[in-house]
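K.L.:
Listed below, chain by chain, are the residues.
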Amino acid sequence: MTANRLAESLLALSQQEELVDLPKDYLLSESEDEGDCDGERKHQKLLEAISSLDGKNRRKLAERSEASLKVSEFNVSSEGSGEKLVLADLLEPVKTSSSLATVKKQLNRVKSKKTVELPLNKEEIERIHREVAFNKTSQVLSKWDPIVLKNRQAEQLVFPLEKEEPVIAPIEHVLSSWKARTPLEQEIFNLLHKNKQPVTDPLLTPVEKASLQAMSLEEAKMRRAELQRARALQSYYEAKARREKKIKSKKYHKVVKKGKAKKALKEFEQLRKVNPAAALEELEKIEKARMMERMSLKHQNSGKWAKSKAIMAKYDLEARQAMQEQLTKNKELTQKLQVASESEEEEGDGEEVEELLVPDAVNEVQMNVDRPNPWMLRSCTSDTKEAATEEEVPEQLPEPEAHEVSESEGEERPVAEEDILLREFEERRSLRKRSELNQDAEPAGSQETKDSSSQEVLSELKALSQKLKENHQSRKQKASSEGTVPQVQREEPAPEEEEPLLLQKPERVQMLEELEKEECFQNKEVSRPVLEGHWSEKTPNNHPDAPKEKKKKEQMIDLQNLLTTQSLSVKSLAVPTIEMLEDEVERNQRQMIKEAFAGDDVIRDFLKEKREAVEASKPKDVDLTLPGWGEWGGVGLKPSAKKRRRFLIKAPEGPPRKDKNLPNVIINEKRNIHAAAHQVRVLPYPFTHHRQFERTIQTPIGSTWNTQRAFQKLTTPKVITKPGHIIKPIKAEDVGYRSSSRSDLSVIQRNPKRVTTRHKKQLKKNCRLSC
Amino acid sequence: METAPKPGRGVPPKKDKLQTKRKKPRRYWEEETVPTTAGAFPGPPRKKKNRELRPQGAKSTHILKKSGISKKPQVQKKPREWKNPESQRSLSGAQDPFPGPAPVPVEVVQKFCRIDKSRKLPQSKAKTRSRLEVAEAEEEETSIKAARSELLLAEEPGFLEGEDGEDTAKICQADIVEAVDIASAAKHFDLNLRQFGPYRLNYSRTGRHLAFGGRRGHVAALDWVTKKLMCEINVMEAVRDIRFLHSEALLAVAQNRWLHIYDNQGIELHCIRRCDRVTRLEFLPFHFLLATASETGFLTYLDVSVGKIVAALNARAGRLDVMSQNPYNAVIHLGHSNGTVSLWSPAMKEPLAKILCHRGGVRALAVDSTGTYMATSGLDHQLKIFDLRGTFQPLSTRTLPHGAGHLAFSQRGLLVAGMGDVVNIWAGQGKASPPSLEQPYLTHRLSGPVHGLQFCPFEDVLGVGHSGGITSMLVPGAAEPNFDGLESNPYRSRKQRQEWEVKALLEKVRLPYWRA
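Protein chains in written order, with my numbering: chain E, 1 to 771; chain D, 772 to 1287.
For the record, the hints were derived by calculation from the structure and aren't laboratory data. Any given hint might turn out to be false.
As the list claims (entries may be wrong) - Here are some chain E residues pointing at chain D (derived, C-beta under 10 Å): (1) Ala675; (2) Phe711; (3) Leu714; (4) His725; (5) Ile727.
For glycine and all other residues, C-beta sits at the position ideal for the given N, C-alpha and C.
Using the sequences and the hints, build the whole thing.
P.N.:
So this is what it looks like as structure tokens:
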């Protein structure tokens, strides 16, 4: 325990800043083993004593060389030695003992541990808490800074804040999200989908789209024109066919039939060469016709017509011939055909046969006749069953057929216009191909044309350039002439121009007119010099250093100048011929004016008035002299000049008058207090210079100066509130913050104490630990 | 509006002489060019096309951009971007070939700009800068809008131009009447009213109606375009001056003793005895004030909307018989016999300024519509044009044989002076320049000495009242070709006029101390 107490006391000691150790010799005084050391010390002491003799170092305590009675553990002093006492030295016994070692250990442990500061007093703690809280709060609140700034700068604020943004979606979006729900809708959509009709955006079927893409506008136009022409031609053709059909002349029909028969024959021959199978078919047909003929007695003598002809034949040659013909026909028809392919020798016969045969095959012929006329054919086929069953004709569309026909028979019937036209269409349709062909076909010609055209262009260009040159020249000439002309005009005196007017007027007027024009002439030259004179005279006036009297004189001169500008003008006249007359007139007038205004000197009056006005507007001196103070007072006595001078307060010099440099003007400088109430007295807040402020109010906002829209925009209210709506305080969600921050904020706002208490607790804990 | 009688147009001139006189119509802003053969010159490449302007996206006004008006064509940003580019197309699949608003030429916009950006401002804080930027952006936007609405001003001012070396002053009214179209020719007429003495006249603000009063008591008002008489009375008293009030329905007549107010049917509504011996009348349309100058030397302001005398100012300069108003700022100018012109406003007991103009008394004065120039003529036979913008110095001077007894400015800055029975008109270069007094633009001789002059608003017509009646002259290029239909519509109906009246009353400029 004693050791412990010792340690504690030592601890208390160690807290003091510097502890001077006890002198070693106190401890070592009892030690005997240091004799030599003692001698040394004595020597030192001696030295010190000697050094202290000089008086400066008197204040030195005597060393305690022997054990005193009052030796206390606290009253140690280390005086006399320059060494410091180390803590460990105190513990160091003469002989090392185990009991002290533990103490030493403890001491070491204590030393290694840091000391804990004293807990702060209450005010300081609170201050720290406040600081921390402030920092946190301001950090949280600083989130709002940009919003506040934005709202301050905003042109317009609308309250209440939460507003539903009207979602403007394009109709396509609306449509795409829409789905068919009711059975009717579904049915409709099914139909649409089945037919590949567009449901949403483009509103075009794929086919239409493709066609749109496939065909350019020009192409489409061409095609349309083609179709139109074709249709027109078709109608012509139809009409023609109908007309032909109606013709009753037998002869005509006979000729036609024959022609057809011939054609058929040719065709057949052609067919035989080109397509033997088809020719065979034809042959079969002919065979069939023969069979029919043999079965019937159509071309024999038994018919009514034949009988009558037989009677007539005796006398009439024609009838006889007709009979003959019929008989030959019968023969021909009934004659058996030999197959043409079998023998080439019989070709001639076959031809004959065919010639005879073909016209008789009525149905076939009918069809054949119609074949080059597809339109007629179509009508026919629709009428008759037979035709409907026949061949491939009805299935084919009229257009391609027509082309087929034109292609197949174009060579055979080059005369037919329609066919040519149709062909042309065909050609046009295959325009690209043909163009290529054309390019190949007629390079020389095109080149020629090109050459010619380019030559033309060149010649035109040349002509143009020539024209341009000419124009330039003429322009220059004109300009030069213009340059001269005005000069000439200027030189010309004015009277010439006004002559016609003068001639019309009576004499008196003429005189006046003359006068006027002379003066006007003067004025041309005069007005400018006069003005210049003003300016030149004005400039010296601007110097404030000039003496006042002089200035007044100048003013005088100035005014005179101002009002008698014409006096100068006389000299500057430059027309010698009428000078005399003008001078006279001028002088007369001047005289007259002088006479008229002899009484009143307008200028002097005005200057006097101005002087008075200037005097009146000058700030007055204040006289504070009191008569009778400090001297004799009474009637007839005046305060001395010295005293008056002393008590006279001179008024400060006001700003220079606006009309200082304007001799002919008096400007009223009195402030209109009524207007002053509406003027800006001090510069508004953010501005530091009046020019800045002026710039912001430079644009007028009234509807007189602005368009209606601009006016409305310029005068929109800064804050708009909805009547009957509560304006709630701004929330974090309103401006796009997460709600967490808001809650954070609200927590702080609601109970600011909680945070501080928490902090306190923490601090307390720390304190407890340290204690 | 077919106001501008344009010579050389419409009816082809019959005389060969006339034909040689007139040149191909040239616009006043065009420069003098030698007529070239058409097609030979392709002309200078037009820069205008390049110098187009597109406004910024309307939605980006909040964050203001400094870019301002750029000289190069700006590519219009698409105002909104759908996420799906296909959906931007319309339902039919068609696309707008000209997306965005139509471009506006820079020059036109520049015309409406009021902020002089070339003037540097002192260094400013960020906050101030943002305010300035807002102001500039607003200005730009409004000027663009104004430039867009320029399209609505379809009419162009008329003009009269002689051949090379030909003096336009020699062209007489008959020539002009012959050259212009029939509707314009009908605007030239003479009223021979020799019985009731020299006439004063006044056009209404819309330019549709004309009122005139003869010295011997004849007062009449008519729609002069259709020549329909509204009223005609004889007040049996000398008429000094006559003036329309805010609309053509009310008419103020300064009679020998008092001021009377009549309606458009000639019924006397008021007799204002506080304004006695009135010599001249002026009406300030935006203040609804009737300013009267009297022989007694008082300038009295009468508020016609409430019928109160607002101010009676003693000019202390004797008889007042020369008065004019500055249409730009409604300041009344009075001419005095001592050669000064004093400027008055009802709020101040003293004149705002006094200008010494002539050696003799001032005979007539007029102020142009921009408030920049004042023309005065005095007993010293001089005619001067003063600059009213601070300097008050004469810009040009001219001595006239008789001196001008009456002066008037037109809307486009033409100056007319009545000297005896002759009327001279001078024109300037363009609109904002003072009339040059060197060469008269037009002259005309009347059948009697001139007693009253006024240019008709929105019509190229000058009304002259003289002892022989009234003459309506054609003066090409005198008036503003386009009128503001909301402000002064010549074709307005009765209902429209009533509407306008209410609006004008609501917008009336009140003087601050006014307790009416």
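K.L.:
Are the hints correct? Go through all of them and say.
P.N.:
Right, here's what the structure says about each hint:
1. At a threshold of 10 Å, the smallest CB-CB gap from Ala675/E to chain D is about 6 Å, leaving the interface hint in force.
2. A cut of 10 Å between beta carbons decides the hint on Phe711/E: the least distance to chain D is about 8 Å, and the hint holds.
3. With a least beta-carbon distance of about 6 Å to chain D, the hint placing Leu714/E at the interface is held under the 10 Å criterion.
4. At about 24 Å, the closest approach between the beta carbon of His725/E and any beta carbon in chain D exceeds 10 Å, and the interface hint on this residue is violated.
5. Given hint, Ile727/E at the interface with chain D, is violated; its Cβ is 22 Å from that chain's nearest Cβ, farther than 10 Å.
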